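Protein chains in written order, with numbering that gives the first Met the number 0: chain A, 0 to 234; chain B, 0 to 286; chain C, 0 to 877.
Where hints are given, some of them may not hold.
As the list claims (entries may be wrong) - Straight-line alpha carbon distances no greater than 27 Å define the calculated DSSO-like cross-link-like pairs of lysine-lysine that follow: (1) A:60 <-> C:712; (2) C:553 <-> C:120; (3) C:669 <-> A:230; (4) A:60 <-> C:669; (5) C:520 <-> C:385.
Source of the hints: derived by calculation from the structure; they are not laboratory data.
Values in this document were obtained by computation on a predicted structure and should not be read as measured data.
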Amino acid sequence: MSELRISSIETRGVPGKKRYAMVIDLRRCIGCMACQVACKAEFDVPLGVFRTWVPYKVVGKYPTVRKMFMPRLCNHCDDPPCVRSCPVEATYKVEDGGFVLQRYERCIGCKACMASCPYNARFMLPRHRSYTNITSVVDKCTFCHHRVSQGMVPACVQTCVGRSRIFGDLNDPGSEVSYLVNTLPTQVLRPEEGTKPHVFYIGADRNHTEIGRTIYDPSDVMNAERVMFEKNQRS
Amino acid sequence: MGDYTVFHLMPWSGAYAIYFFTIGISAALFFFSTRSWFPTGQALVPIRTSAAYVSFALLAISGLLLIGDLSQPMRFLNIMNPAYLNFASPLAWGGLNLISFGIASVLYIKALKQNDEKNAKFFGVIGSLLALGLPVYTGFDLTVHQNRPVWNTPLMPVLFVAMSLVSGSAVAAMLAKGKEAALAKLRWHMLWEGGAVGVMLIALLGTTAYGGSGSELTFILMTSGSLGLIFVGLGILLGTAAPIAVLLTSFGRQHAGILAAAGLLLVGGMALRYSILIGGQIVQTYF
Amino acid sequence: MLEMTRRTFLKISAGTTAAAVAVPKVLHAMENELGGKDFSPVTLAERLAIPTNCHVCNIQDGAIAFVENGRIVKLEGNPEHVSTRGRLCAKGNSGMWYTYDPDRILYPLKRVGARGEGKWKRISWDEALAEVAQKLDAAIKEDPNTICMKYGRNRSGGVIDRFMNTLGSATVINHTSVCESSKKIGMEPTWGPDIETPDFANAKYILNFGSNIMEAAYFHNPYSQRITEGVAENNAKLVTFDVRLSNTAGRSDEWIPVFPGTDGAVALAIGHVILRENLQDTDFIDTWCNVSTAELKAHYKQFTPEWASGLSGVPAETIERVAREFALTKPATTYTYRGPAKHLYGSYNEKATMMLSIMTGNVEKRGGYCMPRGMGWPQPQPEPPKPAHPSAMAHPHEYPLAGHKVSHLLPYFIAEGRQKINVHFSYQDNAVYTNPGAQAYWGKLYRDEKLIPYYVALTPFMGEEAALADLILPDCPYLERWEPESMPNSLWPWLGIRQPVIKSLGESRENRIMMRDIIWKMDPDGKRGMKQYWNFKDGEDYMRQHFDNVPGLKEAGGLDFLKKHGVWPIYGKLNPRTGKISDRTGREIVPEYGLHMKELSASDMTGTSVDGKGTIMKNGKAIGVRRNGKNYVGFPTGNRLINIRVDEWAKYGFNPMPTFKQIPWHKDMKDDEMVLTTYKINVHKQARTASVKWLAEIMHSNPVWMNTETGAKLGVKTGDLVRIESTVGHMVTKAYVFEGIHPKVVAIPTAFGHWEYGRLATLKLKEKEAGEFGATDDADLNNVWWEDKGVHPNAIIPTVVDPIGGSQGWYDTVVKVTKAGPNDKYGDVEGSWEKHLVAAKETMRYAYNGDLHRKMHPEMASWAGPASVKPGEGGGHH
Ligand SMILES: Nc1nc2c(c(=O)[nH]1)N[C@H]1C(S)=C(S)[C@@H](COP(=O)(O)OP(=O)(O)OC[C@H]3O[C@@H](n4cnc5c(=O)[nH]c(N)nc54)[C@H](O)[C@@H]3O)O[C@H]1N2
Ligand SMILES: Nc1nc2c(c(=O)[nH]1)N[C@H]1C(S)=C(S)[C@@H](COP(=O)(O)OP(=O)(O)OC[C@H]3O[C@@H](n4cnc5c(=O)[nH]c(N)nc54)[C@H](O)[C@@H]3O)O[C@H]1N2
Ligand code: SF4
Ligand code: SF4
Ligand code: SF4
Ligand code: SF4
Ligand code: SF4
Ligand SMILES: [Mo]
């Protein structure tokens, strides 16, 4: 493949290596939130933090109005700044597959990786959790490495009601993700950051994936919720 | 993007700004103390000891702040574990720098106490280089995040060095306790370094205002938005422009004037660090 | 047919159990499997998989529960299930929190203190059973019908009816009239089934009237899968009529806002255009319907697009365009859910919409409007006889066509003394929250010890209803129960099972066990003849009696097959490349279409007679219809045809033909008046999910939606407090002002604003300790960050009864909306018992024997009046 490779850890197109990717077909996403909840269950993800989330936007003027959903998760970047910025290699990349993963027992909780991720894909685990005793370290989507390595799709893909999420090996020219990425126009989030995201969207409108104007007019976006969140999540 | 109940917090809270502040002062005071051993720094002899002690105290406080801010404070030693170390991370370098600076400080203070000029000079120079590294790495720590407006400019390390020196001279001026020569020297420092900070801020505002949607929004938030009062009001006007103006008047050559300017510069130094730290993070919480 | 998968092959060849401890090597596979297995992300150990059936909502999707260290940690769709195809919705994915709700009730509770005061005493099952048995005995002595059972979701497979029949009471009240009953009544007399099963995946045009299928409806999960397939893979056009931008409307190719309650007019006008332009399927109408194309054309002349436009606000051009698109694009289907039906004359609206699929001949076609396919199972024998006397409350005489009852008139009936109650049971039914009037009406009824002397709630949760009970018997949530299941949620019929995934927690007992125990207490030695109907060891034994003799299933292994697979039959394998079920050859399985065209066999035909209209009669029952010399089974109606004209309706002075009635009080609404609508959202299930943390986190409050134009007029911005006033009460809530709603409509979803249902639903996590009733705490609740629980609108929604279908007119409430005043507080809700009674009385004036009935039906001037029909005659469809 003629992909320009800058960093030595990139595995897209490297012979003999897998490069898993997710394609999210926004034409099929109905915003059902099944993915978001399935992911919570899979990992006992605590309240207030998300490995994946599905924001929406209402666009247009009455009566021509539409709702756009935009599932989000870690992009398992081929050149991930989070891996670069971790002082102790607690976040690292699995070469075969391209997963960006965490070593929980090593993480010191400096949050440098969070600051460096352009996608807000990382979060600090709170002190309390239902039944898993990994807490107070940074966590994120793992592309369900524990399932994928056992021949299963990720949990969010498994339950996706709209079959909007498709998962597979992009280095395998016969996979469905290869087919989609090679035959349809796809978009990635914030390509200008040079991270080489491996979550590809079909039908994402750049007008909606840019940082929005909602920032200047926060009252319009249920600001009360945000204020509540910031207040109670900090403590 | 959307109006939904999934929100994001800033990874680095305001507490980091206090750390930036204290570590910057610590570094500069060490530098001033060291300078006093050299001919051009004669004027600073009166603050040699106090600056060294305050520097060390602030270093200790900074270290505790930094460790306390980790969600796993007990694991701070991981940063020194060679098996874990990631040299691509400025934080890793920063950790090593901080520790070696601490060692250099101890050795320097020991020499200072024994009035051992040779060793004091030796460890002073080593320590000063390491001290210079502290604001440099702090700046790098921000710069490397290519996705962050305000932070992602080559200016950051230089700006942090300048801010370190300004805040350091302001504290040093307070330590100088009316020693005219020292004050004059420090006034000179405050003036030039304050000026340098001012110039860099103008450059920073320029790159932010013209840096694409995320940067432009950040510019709006930092100037007229929620951070406007802190960044422009306290940081630029009251904390940088005003003290420079005071220092340029005849009052600014007097003892009281210098101290007033020093006070303002400290307020400004804290406000600038805070708003630069926070400013670089606001917009992304909406993404 | 056991296919050797790549993984089983690897496992066998490895010869050891793969207890993975190190990070496993990535396997080299083409496509990863879509489901059926799960692993712990921490230990990498495989989680134990047990198939069961989801019941977080009432759609009943096939599921698998995964268990780790004895705890249910994860749920997913059953990949062998033809309808669910391995997927669950957001609610289904969080179903384990019904089981692990820290406020769950794990032992019998007896009220101490006043009703609703919240003081409870733990008692033993034996004490509880003795008390209930004694109350029931006394009631039976007076009149068995004084025992009332009010149930909501009842998936017990007949256990509740068995219980009430054993007691001899006919006072069994479901919740269907607050649900969708006018949809059912609009459809049943016309073509038989109470619901359609559109073939969305193969349709080219989908015309959706007021169903929010991408969030709710029957059948959200399986149908959303197929609609997205239709839209994305088959290029179908999806057009949605709704009063607000539901997710379905927002994801449709076209959202057409309508004024509330006017879908019927729009549908009739679409029909008018189709018939005027001769775009109908004449052959289908003339062959299969009881009205000819010519008659239909004459009848539809009156329903012009201009007329409908005036009522609905939908431009006449839009109506004409949609009519042409719908009629000319084949295959096409309509779909509806509660939007058109939940109005005063909802049955008429439903009928008008289904006419479009009928007149274009899309019925039972690939990609069209198909009949539901379900499966039954035998009941354990012997069965108790039906009660001796009908209950005046279960089938009120004013509503002879309302075959699904009129449950929401219960407080009115009890207050007026129509039926005395001695013992009241509630089962999976929270009328105090979910019914019109809510706390102001039902709450008052349930608190009144004169009207309801003894109230037993059968429930695992302290809902608003249970909080008013005298005794609470702890039922099990669905992951701990045995239940038979079948739902027509795809074009392939199936039988499924709900089986306990873990042993029931605490002292909770599933419905059939707890009801058996009550009966055994009443008739310990079987002398009263009651015990014989409750002759089973446990839930599993009961299931054997259901399943072990189902033809076909029996050969496959009966109950044991279902325990292993969760569903029967298995039509194929989930194809990881397509997400669809493929047969052995790798092709997608194809359903059977044209059920009505199945021909009767020679043996079917023996002993039959054929009447003038071609109906084939056998033993006094219509079993088919003769058309063009062939004997078809036809449709499951009285005459085996589609009855465009429903003669039964005419008997009671209702228009038997497709028609529309405007809601009288919508006619001259003032400028400052609006219609309040209420709806469901994707992540909640009516009364029961506010304490499910993952769902509550996504949505925990429900500001009232308002159009930007309306907001500007009222001076209201998002977040501002508004006061909403109806004829029966008022409420104060926050506004959400945006573009996605009709300017004359305000909308508030249900599922929020609880005042009971545990500490999370009421956001009283700090006020009380977890586990008040024996359950274990969830440390994660320390992370709850929201402080807003929303406001529930039902207290200000008055009772409205569709005189035909008996259904509640949820979407008809006229309200005045203003900026909140200085004394208005967020969360204020006030309703009046008296005013609710007045509203109930008022709405009964539209009943066939009420004084407004004739006025509403000038076209039925020749009807001889209510005296012409004997009470009890007619009767609906059950
Ligand atoms: N997520 C979820 N799914 C569920 C349920 C749940 O609680 N949550 N409940 C289940 C049950 S019991 C039921 S009955 C179904 C109900 O499923 P649906 O009927 O699909 O859902 P509702 O929200 O009751 O109403 C549907 C829509 O009718 C609209 N509407 C109101 N008035 C009118 C009108 O006059 N015309 C038109 N065209 N539209 C109108 C509302 O805005 C709403 O979007 O859902 C089932 N599925
Ligand atoms: N405002 C507004 N109101 C509505 C609607 C609306 O759209 N808007 N929708 C209406 C519709 S369509 C319907 S169908 C009704 C539904 O109304 P209901 O029939 O009341 O149904 P649910 O809310 O599903 O659950 C009722 C109760 O069941 C109990 N329960 C939960 N799980 C279990 C269990 O496992 N076992 C037992 N024994 N009990 C259990 C809980 O106490 C819960 O409170 O609501 C109606 N009300
Ligand atoms: S999305 Fe963020 S967390 Fe994920 S790999 Fe990229 S930079 Fe790292
Ligand atoms: S928070 Fe943990 S994973 Fe992130 S950079 Fe720091 S040590 Fe690495
Ligand atoms: S891939 Fe796995 S971890 Fe990532 S969002 Fe999906 S379910 Fe969550
Ligand atoms: S499960 Fe699929 S369809 Fe549903 S919100 Fe997630 S991505 Fe969209
Ligand atoms: S729609 Fe969701 S909650 Fe309802 S049965 Fe299906 S998966 Fe369960
Ligand atoms: Mo319902």
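Results of checking the hints against the structure:
Between residue 60 of chain A and residue 712 of chain C the alpha-carbon distance is near 17 Å, which keeps this suggested pair within the 27 Å criterion. Using a Cα cut-off of 27 Å, the hinted pair residue 553 of chain C and residue 120 of chain C is violated, with the two alpha carbons roughly 47 Å apart. The suggested pairing of residue 669 of chain C with residue 230 of chain A is violated, with an alpha-carbon distance near 43 Å, which exceeds 27 Å. Taken as a hint, the residue 60 of chain A and residue 669 of chain C pair is honoured in the structure, with Cα atoms around 25 Å apart against an allowance of 27 Å.
For the hint linking residue 520 of chain C to residue 385 of chain C, the alpha-carbon distance of about 21 Å falls within 27 Å, and the restraint holds.
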